[in-house]
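Trainee: The primary structure of each chain is shown beneath.
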Amino acid sequence: MSTAVKVEHVFKTFQSGKTQIEALKDISFDVSKGELFGLIGPDGAGKTTLFRILTTLMIANKGNAWVDGLEVMGDYKEIRKRVGYMPGRFSLYQDLTVEENLSFFATLFNTSLEENYDLVKDIYVQIEPFKTRRAGALSGGMKQKLALSCALIHSPNVLFLDEPTTGVDAVSRQEFWELLRKLQLQGITIVVSTPYMDEASLCDRVALMQDGKIMDIDSPKGITGKFKKPLWAMSSADMYKLMHDLRADERIDTCYPFGQHHHITFKDDHQEVNPIENFLIDKGHKGLSIEKIEPTIEDCFMELMNR
Amino acid sequence: MKQFLYFIRKEFYHLLRDRRTLFILFGMPVTQILIFGFALTNEVKNSRIAILDNSKDEATKTIIHQLEASRYFDIVEYLHSYAELEPTFQEGKIRLAVVFPEQFQASLLHTNAAPIQLIADATDPNVANTLTNYASAIIMDYQSAMKETQDFPYTITTELRMLYNPQLKGSYNFVPGVMAMVLMLVGAMMTSISIVREKELGTMEVILASPIVPINVIIAKMVPYLLLSMVNIASILLLSVFVLDVPINGSLSLLVFECFLFTLTALALGLLISSISDSQQVAMLVSLMGLFLPTIMFSGFMFPVENMPIPLQVLSNLVPAKWFYYIVKDVMIKGTGLETVWKETLILFGMLIFLLTISIKKFKVRLE
Numbered sequence: 000m001s002t003a004v005k006v007e008h009v010f011k012t013f014q015s016g017k018t019q020i021e022a023l024k025d026i027s028f029d030v031s032k033g034e035l036f037g038l039i040g041p042d043g044a045g046k047t048t049l050f051r052i053l054t055t056l057m058i059a060n061k062g063n064a065w066v067d068g069l070e071v072m073g074d075y076k077e078i079r080k081r082v083g084y085m086p087g088r089f090s091l092y093q094d095l096t097v098e099e100n101l102s103f104f105a106t107l108f109n110t111s112l113e114e115n116y117d118l119v120k121d122i123y124v125q126i127e128p129f130k131t132r133r134a135g136a137l138s139g140g141m142k143q144k145l146a147l148s149c150a151l152i153h154s155p156n157v158l159f160l161d162e163p164t165t166g167v168d169a170v171s172r173q174e175f176w177e178l179l180r181k182l183q184l185q186g187i188t189i190v191v192s193t194p195y196m197d198e199a200s201l202c203d204r205v206a207l208m209q210d211g212k213i214m215d216i217d218s219p220k221g222i223t224g225k226f227k228k229p230l231w232a233m234s235s236a237d238m239y240k241l242m243h244d245l246r247a248d249e250r251i252d253t254c255y256p257f258g259q260h261h262h263i264t265f266k267d268d269h270q271e272v273n274p275i276e277n278f279l280i281d282k283g284h285k286g287l288s289i290e291k292i293e294p295t296i297e298d299c300f301m302e303l304m305n306r
Numbered sequence: 000m001k002q003f004l005y006f007i008r009k010e011f012y013h014l015l016r017d018r019r020t021l022f023i024l025f026g027m028p029v030t031q032i033l034i035f036g037f038a039l040t041n042e043v044k045n046s047r048i049a050i051l052d053n054s055k056d057e058a059t060k061t062i063i064h065q066l067e068a069s070r071y072f073d074i075v076e077y078l079h080s081y082a083e084l085e086p087t088f089q090e091g092k093i094r095l096a097v098v099f100p101e102q103f104q105a106s107l108l109h110t111n112a113a114p115i116q117l118i119a120d121a122t123d124p125n126v127a128n129t130l131t132n133y134a135s136a137i138i139m140d141y142q143s144a145m146k147e148t149q150d151f152p153y154t155i156t157t158e159l160r161m162l163y164n165p166q167l168k169g170s171y172n173f174v175p176g177v178m179a180m181v182l183m184l185v186g187a188m189m190t191s192i193s194i195v196r197e198k199e200l201g202t203m204e205v206i207l208a209s210p211i212v213p214i215n216v217i218i219a220k221m222v223p224y225l226l227l228s229m230v231n232i233a234s235i236l237l238l239s240v241f242v243l244d245v246p247i248n249g250s251l252s253l254l255v256f257e258c259f260l261f262t263l264t265a266l267a268l269g270l271l272i273s274s275i276s277d278s279q280q281v282a283m284l285v286s287l288m289g290l291f292l293p294t295i296m297f298s299g300f301m302f303p304v305e306n307m308p309i310p311l312q313v314l315s316n317l318v319p320a321k322w323f324y325y326i327v328k329d330v331m332i333k334g335t336g337l338e339t340v341w342k343e344t345l346i347l348f349g350m351l352i353f354l355l356t357i358s359i360k361k362f363k364v365r366l367e
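Chains A and B, in that order, are what the protein sequence lines are.
0 is the number of the first residue of the first sequence in numbering that gives the first Met the number 0; add one for each residue after it.
0 is the number of the first residue of the second sequence in numbering that gives the first Met the number 0; add one for each residue after it.
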C-alpha cells in the first residue's frame with residue numbers, strides 16, 4: 000500500500016505575547032491510500048494546527064510532511080488542487096443558497112457540479128430538496144453535509160475534515176460517518192479529527208493526540224487491546240457520592256465518570272469485586288450496579304494521559 | 000477565468016442580499032448631500048432682525064425696505080425705544096438690530112455723514128459677523144445709489160468679485176468633500192469588511208487552500224464596490240447639478256476618471272486594512288478612525304489646511320482625500336483641465352500603486 004499522507008517529526012510553535020506555545024511536538028505518522036484515519040483528542044491538542052500544515056496553510060517550524068506524494072512546502076500549489084479541506088469553523092456562505100454554495104466551491108476548483116455529480120450524489124440527494132434555500136436556514140446536520148459536498152466537489156485524492164461532527168446531533172453524526180465510509184469505498188483517503196471518542200472506533204486507524212503529542216497510533220481494536228486491566232462500570236443512586244467514596248478507597252486505581260456509569264480500575268488486577276461491593280453497601284449506596292466491561296477508546300485515552 | 004467570474008458573481012450575491020447595508024450604501028451619499036445642502040449650511044438666511052427707526056424719513060424707509068427685501072433678513076419687530084432693545088435680544092427673538100438716529104436723512108444731506116448702528120447678538124461670533132457684513136453691504140448699496148444722483152466728494156468704494164462661486168454657496172465646497180468621504184467609506188470600509196468576514200467565517204481558509212490565485216481573489220473583491228462607488232458618484236453629481244445647482248464646469252470625463260482613480264486608491268486601502276485586522280469590528284474601527292476622520296479633517300473640506308500647524312500640514316499630504324478634493328474643486332468648480340491637476344493626479348496614482356503593491360504583497364498565500 001502506498002502512502003497518502005506522511006508526517007515526519009513536525010514541530011510547530013506559536014508566539015503569543017512573550018510566551019511560546021508549542022502546538023505540535025515531534026509529530027510523525029503515515030496514512031495509507033484509501034484509509035480512514037482519525038485524529039482523536041480534546042480541544043487544544045493540536046489537531047487543527049496539524050490540518051493546517053497538511054493543507055499548506057501553515058509552515059512547520061521543524062520537520063516535513065508530504066500529501067499525495069508532494070511536499071507541503073514546495074509543492075503547495077499542486078497540493079491545493081488535489082486535496083479537499085473542511086475547516087473546523089467552516090460555516091459556508093449563509094446568504095448563498097445551497098446550490099450557489101456548491102457551484103461556488105466547484106468553480107473555485109475549476110470544475111462544476113455536473114462534472115462531479117456522481118461523487119457527491121449520495122450526499123447531495125439528501126440536501127437537493129433544499130437547493131434554493133439559503134445555507135443559513137439549514138439545520139446543523141444539513142450544513143455539515145453541504146460543507147462535505149463542497150469539500151468533495153472537485154474529486155480530491157485526500158480529504159481533510161477538521162471536527163466535522165462537532166455541534167451536530169447524534170443521528171446526523173451517525174449518518175455523516177456512514178457517508179465517510181462510502182467515500183472511502185471510492186478510494187478517497189480521509190483524515191478526520193474529532194473530540195468525540197466514540198467516533199474513533201469508526202476509523203481504520205486512529206492517532207490519540209494530547210497536548211501537541213501523539214500518544215498512540217493503532218487501529219481502534221489495537222488500542223483497546225492494549226488496555227490490560229479489568230474494567231468495571233458502577234452506578235448507584237448518588238453518583239457523586241459514589242465517585243467520592245471510590246476515589247477515597249485505597250484499593251481503587253482510577254475512577255472516571257462516563258455518562259451513566261463510573262469506569263473503575265483496581266490497583267490489584269486480581270482484586271475481587273465483592274469486597275468493594277460490600278464496602279459500598281456499607282457506605283449506604285442504594286441501587287448499586289457493578290458490571291465488568293470492555294474498555295473503550297476513551298478509557299485508553301484516559302489511561303494514556305495519566306502515564 | 001470562469002473561476003474568477005463566478006467569484007465576482009458571488010460577491011454581488013453578498014452585496015445585493017444584504018438589503019440593509021445596500022440601502023445604507025446607496026442612501027448615504029444622497030442623505031449626506033441633502034443634509035449638507037439644506038441643513039448643515041453656514042450660510043445665513045432669513046435671520047430675524049428688529050428695526051429701531053427714530054427718524055422715520057424717506058431715507059430710512061428705503062433702507063428698511065431694502066433690508067426686508069433681501070433673503071438674509073426677516074424683520075420681525077419694529078421697536079420704539081432703546082429700552083426695548085435689550086429685552087428683545089434676551090428673549091432670543093432677534094439676532095440683529097438696526098438703529099437709525101433722529102434726523103437721519105437731514106444729517107445725511109447736510110453734513111454728508113449719518114451713522115447707523117448695527118447691534119448684533121454675538122453669542123455666535125461667526126453669525127454676528129456675517130449678519131453685520133450683509134447689513135453693511137445693503138446700506139452701502141443705498142449709499143452708492145445716492146451717489147449717482149448727488150456728488151459726494153472723495154468716496155472710495157471697494158468692488159468685490161467672488162470668482163467661481165459668485166453667490167458664495169457652501170455647496171461648492173462640500174460637494175467635493177462629500178464625494179471624497181463617501182468614496183473613501185464605501186471603498187475602504189466595505190472592502191475590508193467583506194474580506195475580513197471571510198476570515199471570520201472560515202471560508203477564507205478554504206479559498207486559500209484552493210488553486211485560485213490570490214490576485215484574482217483581490218480583484219474579485221474589489222469589482223462590486225468599484226461599481227457601487229461609480230453609482231454613488233453618479234447620484235452625487237446628479238444631485239449636485241439638479242438639486243443644489245452646483246455646475247460641472249470642467250470636463251465630465253476627466254472628473255469621472257479622477258473619481259475612478261480615487262476609488263481604486265480607497266479600495267487598495269481597504270485591502271491593506273483587511274490584511275492587518277482579524278475581525279469585522281477591527282476592520283470597521285480602523286477604517287473609521289484611520290481613514291474617515293483624516294478625510295474629514297485633512298482634506299481641507301471642513302477646516303482649511305493652510306491654517307493648520309506645519310506638522311499637520313505635512314501630515315495632510317499623506318491623506319489621499321486631500322489631493323482628490325483639490326482635483327474635484329479644480330475640475331468641477333473652476334472648470335480647469337488636466338493641465339492644472341496633473342500633479343495631484345500623479346500623486347494619487349503613485350499612492351494607488353504603492354498601496355496596491357503592499358496589499359498584494361501582504362495578502363498571504365497562507366494563514367500566517
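These are computed hints drawn from the structure, not numbers from a lab.
Heads up, a few of these hints could be off.
Each pair of labels, with its calculated beta carbon distance range [what the hints assert, rightly or not]:
| id | chain 1 | residue 1 | chain 2 | residue 2 | range |
| --- | --- | --- | --- | --- | --- |
| 1 | B | Thr20 | A | Arg306 | 50 to 56 Å |
| 2 | A | Gln14 | B | Thr20 | 20 to 26 Å |
| 3 | B | Val222 | A | Gln185 | 36 to 42 Å |
| 4 | A | Gln14 | B | Ser250 | 24 to 30 Å |
| 5 | A | Thr12 | B | Thr30 | 49 to 55 Å |
| 6 | A | Asp117 | B | Phe11 | 28 to 34 Å |
| 7 | A | Arg306 | B | Phe11 | 37 to 43 Å |
| 8 | A | Gln14 | B | Pro213 | 34 to 40 Å |
Mimicking DSS-like on lysine-lysine, the simulated pairs with C-alpha atoms at most 27 Å apart in a straight line are [as the list claims (entries may be wrong)]:
| id | chain 1 | residue 1 | chain 2 | residue 2 |
| --- | --- | --- | --- | --- |
| 9 | A | Lys5 | A | Lys120 |
| 10 | A | Lys76 | A | Lys61 |
| 11 | A | Lys80 | B | Lys92 |
| 12 | A | Lys130 | B | Lys198 |
| 13 | B | Lys92 | A | Lys76 |
| 14 | A | Lys61 | B | Lys361 |
| 15 | A | Lys24 | A | Lys240 |
| 16 | A | Lys240 | A | Lys228 |
| 17 | A | Lys76 | B | Lys198 |
| 18 | B | Lys198 | A | Lys80 |
| 19 | A | Lys80 | A | Lys32 |
| 20 | B | Lys361 | A | Lys120 |
| 21 | A | Lys76 | B | Lys1 |
| 22 | B | Lys328 | A | Lys80 |
| 23 | A | Lys76 | B | Lys361 |
| 24 | B | Lys363 | A | Lys130 |
| 25 | B | Lys361 | A | Lys80 |
| 26 | A | Lys17 | B | Lys1 |
| 27 | A | Lys266 | A | Lys291 |
| 28 | A | Lys17 | B | Lys361 |
Not the full set, but computed from the structure, chain B residues with beta-carbon under 8 Å of chain A [stated by the list, open to error]:
| id | residue |
| --- | --- |
| 29 | Tyr5 |
| 30 | Thr20 |
| 31 | Lys198 |
| 32 | Ala208 |
| 33 | Ser209 |
| 34 | Pro210 |
Every residue, glycine too, gets a C-beta built ideally from N, C-alpha and C.
Trainee: Take the hints in turn and mark each one as holding or not.
Mentor: Hints, verified against the model:
| no. | hint | in the structure |
| --- | --- | --- |
| 1 | Thr20/B to Arg306/A: 50 to 56 Å | holds, 55 Å |
| 2 | Gln14/A to Thr20/B: 20 to 26 Å | violated, 36 Å |
| 3 | Val222/B to Gln185/A: 36 to 42 Å | holds, 38 Å |
| 4 | Gln14/A to Ser250/B: 24 to 30 Å | violated, 54 Å |
| 5 | Thr12/A to Thr30/B: 49 to 55 Å | holds, 51 Å |
| 6 | Asp117/A to Phe11/B: 28 to 34 Å | holds, 30 Å |
| 7 | Arg306/A to Phe11/B: 37 to 43 Å | violated, 56 Å |
| 8 | Gln14/A to Pro213/B: 34 to 40 Å | violated, 24 Å |
| 9 | Lys5/A to Lys120/A | violated, 30 Å |
| 10 | Lys76/A to Lys61/A | holds, 21 Å |
| 11 | Lys80/A to Lys92/B | violated, 77 Å |
| 12 | Lys130/A to Lys198/B | holds, 25 Å |
| 13 | Lys92/B to Lys76/A | violated, 76 Å |
| 14 | Lys61/A to Lys361/B | holds, 24 Å |
| 15 | Lys24/A to Lys240/A | violated, 39 Å |
| 16 | Lys240/A to Lys228/A | holds, 24 Å |
| 17 | Lys76/A to Lys198/B | holds, 20 Å |
| 18 | Lys198/B to Lys80/A | holds, 21 Å |
| 19 | Lys80/A to Lys32/A | holds, 17 Å |
| 20 | Lys361/B to Lys120/A | violated, 39 Å |
| 21 | Lys76/A to Lys1/B | holds, 19 Å |
| 22 | Lys328/B to Lys80/A | violated, 51 Å |
| 23 | Lys76/A to Lys361/B | holds, 18 Å |
| 24 | Lys363/B to Lys130/A | violated, 33 Å |
| 25 | Lys361/B to Lys80/A | holds, 23 Å |
| 26 | Lys17/A to Lys1/B | violated, 46 Å |
| 27 | Lys266/A to Lys291/A | holds, 15 Å |
| 28 | Lys17/A to Lys361/B | holds, 24 Å |
| 29 | Tyr5 | holds, 4 Å |
| 30 | Thr20 | violated, 11 Å |
| 31 | Lys198 | violated, 10 Å |
| 32 | Ala208 | holds, 5 Å |
| 33 | Ser209 | holds, 5 Å |
| 34 | Pro210 | holds, 5 Å |
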